[in-house]
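Visitor: Going down the list, the protein sequences come from chains A and B. Each residue of the first sequence is one higher than the one before, starting from 1 at the first, in our numbering. Each residue of the second sequence is one higher than the one before, starting from 1001 at the first, in our numbering.
Since the hints were made in silico from the structure, they are not lab data. Among the hints, erroneous ones may be present.
To be verified - DEER-style ranges, computed between Cβ atoms:
id, chain 1, residue 1, chain 2, residue 2, range
1, A, Pro55, B, Leu1299, 41 to 49 angstroms
2, B, Leu1494, A, Ala75, 38 to 46 angstroms
3, B, Thr1206, A, Thr79, 45 to 53 angstroms
4, B, Gln1205, A, Met1, 46 to 54 angstroms
5, A, Gly103, B, Val1218, 35 to 43 angstroms
6, A, Ser86, B, Phe1235, 49 to 57 angstroms
7, A, Val68, B, Arg1161, 49 to 57 angstroms
To be verified - Reference listing, derived: stretches of chain A covered by chain B, where coverage requires no fewer than 3 residues with Cβ under 8 angstroms from a Cβ of chain B:
id, stretch
8, 1-7
9, 21-33
10, 37-48
11, 51-65
12, 84-96
Cβ atoms here follow ideal geometry from the backbone N, Cα and C, with glycine treated the same way.
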Amino acid sequence: METVLALLVGVFFMSAIYLILSRRTVRILIGVVILGNAVNLLIFTAGRLTVAVPPVIPTDLPTVAGTVANPLPQALILTAIVISFSLFAFLLILSYRAFQELGTDDVDEMRDAEPAERRLPPMEY
Amino acid sequence: MIVEPLAAVDWLVIAPVALPLAGGALCLVLRSRGALQAKLTILIMGLLVLLNAGLFGKVATDGPMIMAMGNWLPPFAIVFAVDILGALLALTTAVVGLVGAIYASADIDIGRRRFGFYTFYLLLITGVSGAFLTGDIFNLYVWFEVLLIASFGLLILGGERAQLDGAVKYGVLNLLATTFFLIAVGLLYGLVGTLNMADIALSLQTLSPEAPIAAITVLFFVAFAMKAAAFPLNFWLPAAYHTPRIVVAAVFAGLLTKVGVYALLRVFVMLLPASHVDLSTVILWVGVLTMFVGAFGALAQTEVRRLLGFVVIGGIGNMLVGIAIGSEGALAGTVFYAVHSILVMTALYFAAGGMERIAGSSSLHSASGLYRADPMFAALFLVLAFAVSGLPPFSGFWPKVMLVRASVAADVGWAAGAILFTGLLTTIAMARIWLLAFWREATQEAPIRVANVDGDNRSAWLGPIAILAAIIFVLGVLPEGIMSASLAGAEALLDPASYVETVLGEGGR
């Protein structure tokens, strides 16, 4: 099972990096969202895959009985999902707004912050 | 479980995070009351400076402090753990946040206030303080994201074309950097099964040598180098930092890259000392190249705000050299340099804002005659220019001395040469600003607007520069206090025994 998940994570990373290397913001963003999912799967796999009971303490016992599943990776993934989802939503709207204002979704053509033409300052000083 | 109630003084650990967070929420409630928000933010930041000073004093005398969330004992609880390094940087953050809030009261118009400038601003301070004070590596990621989200909001406030363009690049690259950080955290968790920094430091010492720690180290390095804008991952910074309002650019330039440097110090030097030694040559080269990119980039710019972006990068190079050498003196130099850089870069961006106010532009083509228009401002700029170039008697001198001495002691004299040479190039870049913008007679293009700069406004933008210049001067003339604090911070990083003991109790678990 770990091997399958590890391969899946690899495929996700591959596709994400391919998309992020693109020049179009929408493709980059799809890459970012796939990357986020790849990382979530990676944390899930890194937390060990076990067939075990949920980490709940029975009322008649002072501690958990037997092997329990590790809840921490799920807590981490939940946090990461919330954060990456909200940032993705923000970036999606940002790139739409940038497309409206700048008239392009090609990052090479977005030159407002870094204009290509430059004048030299006066040299006589 | 911890059962006895906390002493009042222990709440200082969480105060630098809780206070601005509450303030941000309050500013959101008072969304339509712009003037009130401005006053409230200044009040909160002033209080924060006092609290941080108290925290710093307590940590300096009594050693590291912790606070465990939900009263569960570490390593199971999420902890806030403050050592002298974190306390020093959090104090500097609060000082910069306070002067930024004062500057903002004159700089931020009603529209931006209504769109939540102050909320974002306080959340940014929350995120930065949280990153400096947390003792849990996953929470370090969360605080990175908090400050990232707040910085997005600040960066695009106003929605100008250049801002949107810069924000796309800033946003995507910084999100990638934090994702790399998360990958490294996930893999490290898989390896050692804990997220508590003190516990990681202990567990890694007993790890088998075959463990795949090198890949994790490199991922951490890429993530933090991207955050710190180190070469070759620096391209988002000059694209984005000159586009927002000047107070936003100033606080960004002061704080955000230094969070990356802090994370490098904490994770590399304290948690991964063995891999840090393996990677030190790479870090050294990255540092030297970053210095050169910063210096040459600064020389090539004709727009002061863009020029300052490259000066920020040059400073990061100096700090990386200190991290690469990794001796106590070098690390202390890095810490001192970080504090100096937070103060001086913020002040320089404020000065660029002042140039725009008086001369109508921060371009070296048209800005001119500033010395005649405002000699006081020109004198303050000269202080900052000297400080950022590393010339005595200002704060930039001492960290450079420490770094140069440490490089020579570590047999990498060429790195010392690079520090001095790029320092010279930075001096030339700053001298260009001085000659063209301040010393040159006012040109036809320059609409000197002295008449527009009225009295109360003037103190609101010149005051913050003066405060920071005064601190920079004091740090330059009386460096002993901060130097011993930096040395103590470096010592604690190299030998985290007392930190580990404070977090985990006597003798580890």
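Visitor: Let me make sure I understand: some of the numbered hints might not hold for this structure. Which ones are they, in numerical order?
Guide: Numbers 1, 2, 3, 4, 6, 8, 11 - these are the hints that the structure violates, sorted from lowest upward.
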